[in-house]
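Chemist: Sequence:
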Amino acid sequence: MNHLFTPYKLKGLELKNRVVMPPMCQYSVTSKDGIATDWHYQHYVSRAIGGAGLIIIEMTDVEPDGRITDFDLGLWSDDHIPALARIVEACHQYGAKVGIQIAHAGRKAEDAAVPVAPSAVPFNSEFKTPRALTTDEVKQMVEKFRLAVERAVKAGVDVIELHGAHGYLIHQFHSPLTNQRTDEYGEDLTKFGKEVIQAAKSVMPADMPLIMRVSAREYVEGGYGIKESTAFCKEYQEAGVDMLHVSAGGEGAIAAHGKPGTHVAYQVPLARELKQSLQIPVIAVGRLDEPVLADAVIGNEDADLVAVGRGMLRNPYWTLEAGVALKKETSIPKQYVFGFPKN
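Following the working numbering, the numbering of the sequence shown begins with 144 at its first residue and continues without gaps.
Keep in mind the hints are simulated off the structure, nothing from the lab. Since this is a predicted model, take the numbers as computed values, not measurements. Treat the hints with care, as some may be off.
The calculated label-pair distances, taken between Cβ atoms and stated as ranges, are [said to hold, decoys possible]:
| # | residue 1 | residue 2 | range |
| --- | --- | --- | --- |
| 1 | 479 | 283 | 29 to 35 Å |
| 2 | 173 | 370 | 19 to 25 Å |
| 3 | 444 | 326 | 40 to 46 Å |
| 4 | 168 | 424 | 22 to 28 Å |
Every residue gets a Cβ at the ideal spot worked out from N, C-alpha and C, and that includes glycine.
Just need the whole structure built from these sequences, with the hints factored in.
Modeler: Structural data, given as structure tokens:
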């Protein structure tokens with residue numbers, strides 16, 4: 144039976160365990176240029192030393208106005224590559240594989256003078272009303288995603304994640320609440336996402352997996368549920384997605400911030416449903432900080448990998464301590480061996 148410390152392989156990606164550090168924005172770029180800083184280096188490399196099998200670098204944006212804030216990471220320029228490459232290389236030295244989440248915030252770009260979106264529908268009364276992208280601009284946006292993915296590959300990442308969740312741009316296109324277009328991107332709500340997937344695959348090595356993070360359910364009135372997300376995820380799978388990172392919410396509310404799901408493992412049933420319905424590997428995420436619980440998600444075959452977010456924000460060595468708690472063999476750095484029980 145598989146467990147949290149069983150190795151995992153997907154195409155050319157080989158992980159030493161099933162523990163994932165999910166992308167979590169740090170809002171720590173100091174000069175607003177989108178370039179990773181020493182904070183990002185320490186933040187990610189410490190989790191590699193701490194034993195995580197896969198580290199996914201936070202939401203990294205394809206253009207300046209695609210950032211949630213001006214303090215987010217970017218990949219719209221070759222100038223961003225060296226700092227990211229330094230992080231990737233260092234994480235590799237400690238046995239972790241590294242992914243990066245490529246994204247655009249769309250109408251949730253807080254610092255953009257005029258945000259863009261599929262339709263001119265603001266997130267709420269506190270957010271700016273976005274400008275609807277023209278059809279040509281949508282096609283240009285696909286190219287911006289392609290170029291960002293190409294730069295990520297040059298930086299040496301092992302896997303790409305596209306952000307199609309939490310109310311950001313790809314999510315905005317496949318949600319009927321936010322896509323009220325009448326052109327080809329309104330007639331087929333998954334067209335933008337599929338074109339981004341195909342563009343990403345065109346510049347990725349053939350053996351590099353493509354992950355897509357999705358909100359499997361919208362916790363708002365009139366929002367879609369698991370039936371609808373299963374349908375659009377199937378289309379994304381057929382377009383080239385190799386694995387789903389299954390979250391929820393983002394249009395109106397992210398469940399972890401309030402109703403209805405604040406209990407542990409509240410998103411695991413969604414991950415399990417997509418895994419079983421589509422026969423696709425999945426990452427489960429959301430209040431899975433307890434090692435026994437995270438291990439059970441793998442052992443019960445609810446998911447293939449488990450993402451631990453808040454737990455790793457509190458403790459860079461969460462994975463090492465989980466190994467001790469579960470009595471599993473882990474690669475404790477020799478410098479830290481005396482800090483852990485011998486048996």
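Chemist: Please write out, lowest number first, the hints stated earlier that are contradicted by the structure.
Modeler: 1 and 2
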